[in-house]
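Heads up, the sequence shown is in the working numbering, so the first residue is 19 and it goes up one at a time.
Just so you know, these hints were derived from the structure itself, not from any lab. Treat the numbers as computed from the prediction; the structure is a model and nothing was measured. Just so you know, nobody snuck in bad clues.
Taking lysine-lysine pairs in the DSS-like style, the calculated list, with each CA pair at most 27 Å apart, reads:
| # | residue 1 | residue 2 |
| --- | --- | --- |
| 1 | Lys206 | Lys328 |
| 2 | Lys195 | Lys328 |
| 3 | Lys205 | Lys333 |
| 4 | Lys67 | Lys205 |
| 5 | Lys206 | Lys322 |
| 6 | Lys126 | Lys417 |
| 7 | Lys210 | Lys67 |
| 8 | Lys195 | Lys210 |
| 9 | Lys67 | Lys56 |
| 10 | Lys417 | Lys369 |
| 11 | Lys95 | Lys391 |
| 12 | Lys332 | Lys206 |
| 13 | Lys322 | Lys332 |
| 14 | Lys369 | Lys322 |
| 15 | Lys333 | Lys322 |
| 16 | Lys205 | Lys322 |
| 17 | Lys210 | Lys322 |
| 18 | Lys369 | Lys332 |
| 19 | Lys56 | Lys95 |
| 20 | Lys205 | Lys195 |
| 21 | Lys333 | Lys195 |
| 22 | Lys417 | Lys407 |
| 23 | Lys205 | Lys304 |
| 24 | Lys407 | Lys391 |
Distance ranges between label pairs, derived from CB positions:
| # | residue 1 | residue 2 | range |
| --- | --- | --- | --- |
| 25 | Ala388 | Asp64 | 45 to 51 Å |
| 26 | Asn199 | Asn225 | 33 to 39 Å |
| 27 | Gly387 | Arg58 | 35 to 41 Å |
Built from N, CA and C at the ideal position, the CB exists for glycine as well.
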Amino acid sequence: MNWNVIVRVGDNDTYMPSATGEDARFFVDFYRPNSPWKMRQNILFDLTKNEIISASAHDLLVLAMAVSAADRCIERKFAEDAWQREITIHLPVINPELWAENRDLLEKSLAFLSGDNWHFLFRRSLVCRQFYSNPNESGNICLFSGGADSLVGAIDLLSEERRTSFVGQYGGGVTHKFQENLENELKKQYPKLCNFSFHYIEPPHINECTYEPSTRVRSFLFLSLATAYGSTSQNTTNLYVPENGLISLNVPLTESRTGSLSTKTTHPYFITLYNELINNIGINVKLLSPYKFKTKGQMFLECKNQALLKDIAKKTMSCSHPEYARLKKISPKTHCGRCFPCIVRRAAFFKAGLSDAPYMVDVLNAPPGANTKCGSDYRAIMMGVTRFKSSPTYSDLFKVTSTGPIASEEVSEFVDVYRRGMNEISQYLTGSVRV
Numbered sequence: 019m020n021w022n023v024i025v026r027v028g029d030n031d032t033y034m035p036s037a038t039g040e041d042a043r044f045f046v047d048f049y050r051p052n053s054p055w056k057m058r059q060n061i062l063f064d065l066t067k068n069e070i071i072s073a074s075a076h077d078l079l080v081l082a083m084a085v086s087a088a089d090r091c092i093e094r095k096f097a098e099d100a101w102q103r104e105i106t107i108h109l110p111v112i113n114p115e116l117w118a119e120n121r122d123l124l125e126k127s128l129a130f131l132s133g134d135n136w137h138f139l140f141r142r143s144l145v146c147r148q149f150y151s152n153p154n155e156s157g158n159i160c161l162f163s164g165g166a167d168s169l170v171g172a173i174d175l176l177s178e179e180r181r182t183s184f185v186g187q188y189g190g191g192v193t194h195k196f197q198e199n200l201e202n203e204l205k206k207q208y209p210k211l212c213n214f215s216f217h218y219i220e221p222p223h224i225n226e227c228t229y230e231p232s233t234r235v236r237s238f239l240f241l242s243l244a245t246a247y248g249s250t251s252q253n254t255t256n257l258y259v260p261e262n263g264l265i266s267l268n269v270p271l272t273e274s275r276t277g278s279l280s281t282k283t284t285h286p287y288f289i290t291l292y293n294e295l296i297n298n299i300g301i302n303v304k305l306l307s308p309y310k311f312k313t314k315g316q317m318f319l320e321c322k323n324q325a326l327l328k329d330i331a332k333k334t335m336s337c338s339h340p341e342y343a344r345l346k347k348i349s350p351k352t353h354c355g356r357c358f359p360c361i362v363r364r365a366a367f368f369k370a371g372l373s374d375a376p377y378m379v380d381v382l383n384a385p386p387g388a389n390t391k392c393g394s395d396y397r398a399i400m401m402g403v404t405r406f407k408s409s410p411t412y413s414d415l416f417k418v419t420s421t422g423p424i425a426s427e428e429v430s431e432f433v434d435v436y437r438r439g440m441n442e443i444s445q446y447l448t449g450s451v452r453v
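Using the sequences and the hints given, assemble the complete structure.
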């Protein structure tokens, strides 16, 4: 079944595609405050009221939010194979000819991220707004999620006295509280060098809609949000993506997690595709991944303000289930301790000798049952570590390159960071590494 996502921009947008018997549809609305299908967000108002966004960046933001809504609102169980979805986005843009020229690149980028078949039908937008290219005061933009990697990225930039704008997104959970707490800590240390912009973005509130939990395209939204902030600079704006190399590669731990079943949010191939896309549509922003050849533990050890890191690293949120503690009526600042990001985090804190926040599950002394739902990630991680330690080193090349295309000049360094990252986890969980 094909899903039609009909994007409407403004009250005068009455577009309605012809219906077919096999297709499903829903709307995503912008600048329609009374619509039950409105995207729940504040970013467009904040940026357009001060006229600090380019036309291409405006269209990119609307597109990214519509894609995010589709990813969240269309459950994979409705697909023929219960995974790969057919999604057509009907999108009004200010320059449809420009977007049509880049349709294939856009669809390829999203297909790599999510494993779905994406299709875009562009039409001319009726939006009546002026867009300007005013110089941006800050020469650097950096993603800021509230996680440990983003904290290290922020500290390193600010320690070099680079004035930076930090941009993040949040939904209805606990993430925003972590972002705000870290913002306060960084502003105390670097009061004249940083500013922060966090934006609430959630899909339309659709009655009886069960949100799809896989959220494979979320990084496209995060990057587009940050790109918008750098879109008006007269010179090239650097957009920093602070993520360790092991997580960026995300080599499948088991055979059942291959392909799009493993997330690829900051995979080097996707970063390359995204850079090409925004360059083609005239946005003068370049994504940089400064830690793509570093493990998380290395990021901690090489952080440029060790005193500050040791003081506030435990205040970050890395867990992929940040709401789990609240549902269990435990402090919402508690990590689950059993998901892959939590275990990568724990291994890195262990390597760097940093004190950490509490965890719900102690995987060293009281690991979750291997055959329980709660223990599925832990079981996969232990299987992955066992397979890594028993496999020959030459197999690492295949594992890394199987995650997606990688530039030939970077393959050896990505293989190396994969080995170091897996040994970091192995040392923490088993007390030994692969020789």
